[in-house]
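Take the sequences, apply the hints, and build the full model.
Heads up: the protein sequence lines correspond to chains P and V, in order. In terms of the working numbering, the numbers along the first sequence are unbroken and rise by one, the last being 310. In terms of the working numbering, the numbers along the second sequence are unbroken and rise by one, the last being 1253.
What the hints contain is simulated information worked out from the structure, not anything from laboratory work. Among the hints, erroneous ones may be present.
To be verified - Lysine-lysine pairs mimicking PhoX-like chemistry, simulated, CA-CA at most 20 Å apart:
hint	chain 1	residue 1	chain 2	residue 2
1	V	1019	P	128
2	V	1084	V	1163
3	P	141	V	1084
4	P	219	P	268
5	V	1250	V	1163
6	V	1019	V	1163
The structure displayed is predicted, hence computed values, not measured ones.
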Amino acid sequence: MSVAIAVNGVHKYFSSLHALKGVDLQINQGEFFGLLGPNGAGKSTLINIIAGLTRADAGSVTVVGHDVVSDYRRARQCLGIVPQELVFDAFFTVREVLQIQAGYFGLGKADNAAWIDELLEALMLTDKADANMRTLSGGMKRRVLVAQALVHKPAVVVLDEPTAGVDVELRQSLWAFISNLHQQGHTIVLTTHYLEEAEALCDRIAILNHGEIIALDSKQGLLNSDLGKGYLLSVTAAAEIDIAQLPETLRDHVRSVDGNHLELELNKDRDSVVAVINTLNGTGIEVIDISTQRADLEDVFVDLIQRQRS
Amino acid sequence: MNLRGFYTLLYKELLRFYKVLLQTVIAPVITTLLYLLVFSHALKDHVTVYDHIAYTTFLVPGLVMMTVIQNAFANSSSSLIQSKVTGNIVFVLVTPLSHVEFYLAFLLAAIIRGLVVGLGVFVVACLFVPVPVHNVAILLLFALLGSAFLASLGIIAGIWAEKFDQLAGFQNFFIMPLTFLSGVFYSIHTLPDIWQTLSRFNPFFYMIDGFRYGFFGVSDVNPFYSLCFVGIALVLLAGLTLVMLGRGYKLRN
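The structure is reproduced here in structure tokens:
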């Protein structure tokens, strides 16, 4: 499979801060790749290095085989970046912004008019095409940023938290639009704080923390890992539960007790729900309802970050 | 070379100042004409610089050149600082434009704005004051070199400044004194020796003196000498600007 983005041993320092500590990463063409991490993990620094906005102190990055420093013209031609900040040029209309952006990539008005119209339509901006950027709402400006990144039809699209601060409806429409781009063959790299977004969209996920990749696997691989094997068992009893009633084997699993509600953290390989219910019944706790909740990406993410902290 | 990219950036920079024509062209023309009105009224009977040239006429080339260079500086510096502060410079930095194309587009846009405003001042001034033209080629050459010099300086200031306050400082404590000490309103021969000597290190003086030679055929120093001084200063400044842009100084971390 051909490589869309290759990051090889990238280090970046900001004064005494070692922001990226030898990051190695390979993203294949056609992948929907998620780059996750807490604030300050180094996600934006890595994206800025890929985009040529920041220079690595060591290591190299290629985009579709083109080095982002020595062959930057071709690398950037293959890359579309949706920046995290809601930035815009207040002098121009939406259409002017898109025409100008396309022009930087060597595309004239006539070459690209149909594609710009298509983008405006797909991102529900057609009626705002001749409106000044200043007059747009935050959500509309966000959609213009997406259109700007796509105006030269790049093979690889990097979206740096594209849904940060947008309402649910717009988030859903952006998800649909990005999924459609992926189906058309674009490689998508997504950074996000919404882990359900990564879980819903991404094929493969890297988790970055303190400038290091601490996990890199398929979404399913992460969920099936030790970290993803935990689940939560919620029990409702007929009467109030006293934690002292519980046998020692269960006390270690208790996440919370609240009146007649009990939550237990279990592992799907080691703990059986039937055995737990039987144990509870055996101690005189009459179980009247249960529910389970499997680990999601957020649990895996939180667990990983906490493990690294400890 | 990404010619279309270069042309687009140039077009964007021109469109930017065209969209606020009142602020970028009309206001500087009116301000400069007010200088002409006030200084000529106050000094025309008291100052004679060249025997055969009225003081009001003497003022016009200096004011035109002052307008040209100030507006060339304002165009490149304000565009860059605005793009940096608002963050939209990222849209240019992620494109396949080289630092040379970036430089040339900003340079040319600033030269064009400087020349447009300068032409405006000249045309309106001519309605009130007769101004002879000795050599069009020379005055155009100095206008081009002067505006290119200040356009480059504007790019440097725009790259260096991180906030509008710093750019205002650059303008008020560097550009303005050099402009006013360049002989716009007087001949340097009327200055005490020390100021005459200092003026000879001021590139703005050579721009204005050479430009004035294009109108009157007389100047404080040999126009060829002025041409060399301004030309060399421009080459050095352009080199410095290209090095800064090529290294991504304060643009790419």
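Hints and how they fare:
1. V:1019 - P:128: holds, 19 Å
2. V:1084 - V:1163: Given pair residue 1084 of chain V, residue 1163 of chain V holds - Cα atoms ~9 Å apart, limit 20 Å.
3. P:141 - V:1084: OK: residue 141 of chain P and residue 1084 of chain V at ~18 Å, within 20 Å.
4. P:219 - P:268: holds, 18 Å
5. V:1250 - V:1163: Satisfied, since the Cα-Cα distance of roughly 12 Å is no more than 20 Å.
6. V:1019 - V:1163: Violated, at roughly 23 Å.
Violated hints amount to a single one, hint 6; each of the other numbered hints is respected by the structure.
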